[in-house]
Amino acid sequence: MTRDPGEDAIGTIRRDGRSGPFFDGAAEGRLVLRRCEACGQWFAPDAAGCPDCGTDELTWAEATGEAVLVSWAVAHSRTGHTAPLALVELAEGPWMYARLDGVAGPHEGLPLRASFVHPDDGESYPVFKERRR
Amino acid sequence: MADSTTDTAIAGLGMTELGKVYGHSPRRLAADAVRAAAEDAGLALADLDGLIVSSGMSGSPGIELARTLGLRDLRLLTHMNSYGATAVAMVSHATAMIQSGAASTVACVFADAPLEPERNSGSAYHRDEKEWHGVGGLQAALGFRSVNAFYALATRRHMERYGTTSEQLGAIAVATRAWAQGNPLAQMREPISLRDHQESRWVVEPLHLLDCCLVSNGGIAVIVTSAERARDLARPPVHVWGWAQGHPGHRLTRGSDFGLTTGAALSGPAAMKMAGVTTAEIDVCQIYDCYTFTVLVTLEDYGFCAKGEGGPFAASGALGPGGTLPVNTGGGQLSAYYMWGMTPLSEAVIQARGHGGDRQAPRNDVVLVSGNGGILDHHATLIVSPHAKGRP
Numbered sequence: 001m002t003r004d005p006g007e008d009a010i011g012t013i014r015r016d017g018r019s020g021p022f023f024d025g026a027a028e029g030r031l032v033l034r035r036c037e038a039c040g041q042w043f044a045p046d047a048a049g050c051p052d053c054g055t056d057e058l059t060w061a062e063a064t065g066e067a068v069l070v071s072w073a074v075a076h077s078r079t080g081h082t083a084p085l086a087l088v089e090l091a092e093g094p095w096m097y098a099r100l101d102g103v104a105g106p107h108e109g110l111p112l113r114a115s116f117v118h119p120d121d122g123e124s125y126p127v128f129k130e131r132r133r
Numbered sequence: 001m002a003d004s005t006t007d008t009a010i011a012g013l014g015m016t017e018l019g020k021v022y023g024h025s026p027r028r029l030a031a032d033a034v035r036a037a038a039e040d041a042g043l044a045l046a047d048l049d050g051l052i053v054s055s056g057m058s059g060s061p062g063i064e065l066a067r068t069l070g071l072r073d074l075r076l077l078t079h080m081n082s083y084g085a086t087a088v089a090m091v092s093h094a095t096a097m098i099q100s101g102a103a104s105t106v107a108c109v110f111a112d113a114p115l116e117p118e119r120n121s122g123s124a125y126h127r128d129e130k131e132w133h134g135v136g137g138l139q140a141a142l143g144f145r146s147v148n149a150f151y152a153l154a155t156r157r158h159m160e161r162y163g164t165t166s167e168q169l170g171a172i173a174v175a176t177r178a179w180a181q182g183n184p185l186a187q188m189r190e191p192i193s194l195r196d197h198q199e200s201r202w203v204v205e206p207l208h209l210l211d212c213c214l215v216s217n218g219g220i221a222v223i224v225t226s227a228e229r230a231r232d233l234a235r236p237p238v239h240v241w242g243w244a245q246g247h248p249g250h251r252l253t254r255g256s257d258f259g260l261t262t263g264a265a266l267s268g269p270a271a272m273k274m275a276g277v278t279t280a281e282i283d284v285c286q287i288y289d290c291y292t293f294t295v296l297v298t299l300e301d302y303g304f305c306a307k308g309e310g311g312p313f314a315a316s317g318a319l320g321p322g323g324t325l326p327v328n329t330g331g332g333q334l335s336a337y338y339m340w341g342m343t344p345l346s347e348a349v350i351q352a353r354g355h356g357g358d359r360q361a362p363r364n365d366v367v368l369v370s371g372n373g374g375i376l377d378h379h380a381t382l383i384v385s386p387h388a389k390g391r392p
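Going down the list, the protein sequences come from chains D and V. Mapped onto full-length UniProt numbering, the consecutive letters of the first sequence carry residue numbers 1 to 133. Mapped onto full-length UniProt numbering, the consecutive letters of the second sequence carry residue numbers 1 to 392.
Mixed in with the good hints, there may be bad ones.
[Stated by the list, open to error] Residues on chain V that point at chain D, a partial pick, calculated with CB under 10 angstroms:
no., residue
1, Gly19
2, Tyr22
3, Glu129
4, Val135
5, Gln139
6, Ala149
7, Val203
8, Glu205
9, Pro248
10, Arg251
[To be verified] A few chain V positions that, by computed beta-carbon distances, are all more than 10 angstroms from chain D:
no., residue
11, Arg35
12, Asp40
13, Arg67
14, Gly101
15, Ser104
16, Thr278
17, Ser316
18, His355
[Unchecked claim] Taking CB as the label site, the calculated pair distances span:
no., chain 1, residue 1, chain 2, residue 2, range
19, D, Asp16, V, Asn81, 20 to 30 angstroms
20, V, Gly317, D, Cys39, 47 to 57 angstroms
21, D, His81, V, Pro236, 52 to 62 angstroms
22, D, Lys129, V, Trp202, 21 to 31 angstroms
23, V, Gly59, D, Gly93, 31 to 41 angstroms
24, V, Leu209, D, Ala27, 37 to 47 angstroms
25, D, His81, V, Ser58, 26 to 36 angstroms
26, D, Ala27, V, Asn120, 30 to 40 angstroms
27, D, Thr55, V, Ala280, 40 to 50 angstroms
It is worth saying that the hints were derived from the structure and are not from the lab. Remember, predicted model here, so these are calculated numbers, not experimental data. Here a beta-carbon is modelled for each residue, glycine too, at the ideal position from N, C-alpha and C.
With the rest of the complex left out, here is chain V (with noise of 0.2 angstroms):
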């Protein structure tokens, strides 16, 4: 009988093919990323009594993933959304459930198909009409026209604060694509200059085109159990060590520190204090990465450094290969593949069983993974561990 007391961890990792990938429905990726994930843990899918479901733009899949998947007798059975927040919140919820009693085997997955052949990315996230209804058909036929330009607004207000550069935002960039190149699922693996991101066209400046995310077809599911019944499968465990989230209800009013500070300052310590570890006992992170700013934001509300000293952070090179704390070890969602808060957390699974290959951080023993939704608004932090909790 599960109780409180009992531990969770992640056994099993399914990844559809990801990326320019056609001819799929989120629905059909989905399937695909969960029986890969059962596989992968060296279940059947008849072990799993509970899946928890997350879409993408495509609004699809839903709860009716389990009829396709041909689960029954299901014991936890729904669909999720905090944006990129997501991915950690559905471990967050699946270990709860676990701890309950409520489930013992537990699907979390996301997929998506926003690309089309024939259509360049960033229409998948772009809003163009020839006419435009309400004020806020206004605000988008005035320019904002897809989240690019509220994170350019975020980035902007800190760098005015701050005194926080585009260069600053170009090491993570470049500290990223370097990672890359030791992950053969990457998208992205061309080495990259500073002086190549400062040449990437404007997108919505102060962003430049190497400031923001792929865009990404395909799908991702973990598979949590106990901690118990982990041991017992075919992969190393991936231990559950902490979790929280944070909600920060920014409100566009005089004194909102939107731009300045995320709900990161509130889940990471949380979420820390949980695990029973502090910022120096964490041995690489995977950072939600819509944006380079939100790395340097996000590692700023933790606490790897001060509260506006992100920037020199990231410029003094900590972030990538041989650096003090490595970063999006797998190339992130700027470089690898953007599967919202599965990619920062897939990357936590595969260096957390020791799988990174030529990209696997020189320790690995405490592994943190963010994610984050909306422009700023959600926040989701977890800590990983190839160790049971209580016993580094």
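Isolated chain D (complex conformation) (with noise of 0.2 angstroms):
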């Protein structure tokens, strides 16, 4: 679990003061995104306020993890290096830009649950991973 899936140079990932709440839920395992509590609506965790009622007052609330795929790509770097890329849908609604980790015959439409990569220096992060039944 604690094994980076990139193999390749990611980086450090700190926190901003818009996002503690995301990297919390994530060193513990919990995938955190954002509602609108006047209409119900779920959001991508980057989301900056509701465009159906307006408000820029969104909450945080833990979804499932659990997502479907939209679409995939593979990031190639010119070191040789490969990031397998996704658009998953999650649970409750919203899409997220993901890594995938271990998805050996990606498809529209396959279920897929959020884990958690926690790295020696800075913030834990989700990858999304084959749910099986």
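Using the hints, build the complex out of the two chains.
Shown next as structure tokens:
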């Protein structure tokens, strides 16, 4: 669980003033998203406000961590490293840009589950693994 | 006195040296392009009463360009940005301002200089840090370090949904390069084969290197004025027949059609309606090609083929020299030069004038131009013709 799935220098992740609860959750193995209490919609962790009711007062709320694959790509660095990238649809509705870990046969709709990487230095973060029934 | 029935035309086109051109600031390149466009039209700078400026990665030039050029008593001066859709949006805005009577002769210019000597071109649009901050930083750290990654996800989604293949995208790269061979201004003129495309390195899978546009330094400007005035100027007028924008506002959430449908589906039919034409009457297309995929999905959204049929349409050979729908006749951004929306616009002007030389399309009565910005977030469409509107 503590292995860096990228095998490429991803650098060190630091929290900023708007991401504390997200990284606190990741450190504890929980996927924490933004939610609009007024209309109940969920948003990705970097959302700034609710476009439907106009509020910028989003709360942080724990998601199930379950997702399905929307699309995927593989970034190739000039040094020969690869990074499996994905756009995932979380069970609560929002899409999130993420990394896959150990997904052999990606396809649209593939069930996924968040898993967490805990590097020695810097913040923990989620990656998505195949969810087997 | 101008009114809402005033038709407009592009009367001047100015292009600096394009590509690996070093040592000039974007502001200088923009100024050179405006001067060249005015000269091309047979106008003096003092004849301009409007200037619309668009900047690229550098964020320059801004409206201070007017001072650089010594323009006085302008009635229109503004900076516009809808990324790759800006060039067409500038021509549309200039047209609306001319029709309102607010201005009569408007220069629209884009310039950028992201390339530096001794650096690879990708680095101009690529992030790399040792430390990353916040959720946005995490995204970049995980590998979303340039727009390539986002367009790769869009492309893959289309492939998964409709069966689009890398080889079909390759057909667009090959056709575009074939057109580039006839353009002396094109940066890449060596012929390529489908095999070359397939064997070019991955940038972000499913995008090969030859699916991705160039990066260029330079500046391009056009002059928009009333069709009536354009008739008395130095060059054959390129009449503006129709224009529209489309900003779908894709939300990254359940039910989104990101990667499947773009703002072209909104702006294309609207521009064609204003122009009074259908896809069957379009002779040449200049489609924003930051990637091969944007050509494919835009042609679908415009209705040149059914949704999901862009791959087979491209693979049929329709888009290249000798094909039924000449697309990106100057080599586009994939093979000629990357001046955001000014790449398709400049080639449209050249084709409508009949100045395409070895690459002139066999028919040029109706020329369509597209602009795409963001990650398929913004779109603009322009339809131009060598003939006055309504009299083809």
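Please flag the earlier hints that this structure goes against, numbers listed from lowest up.
1, 2, 9
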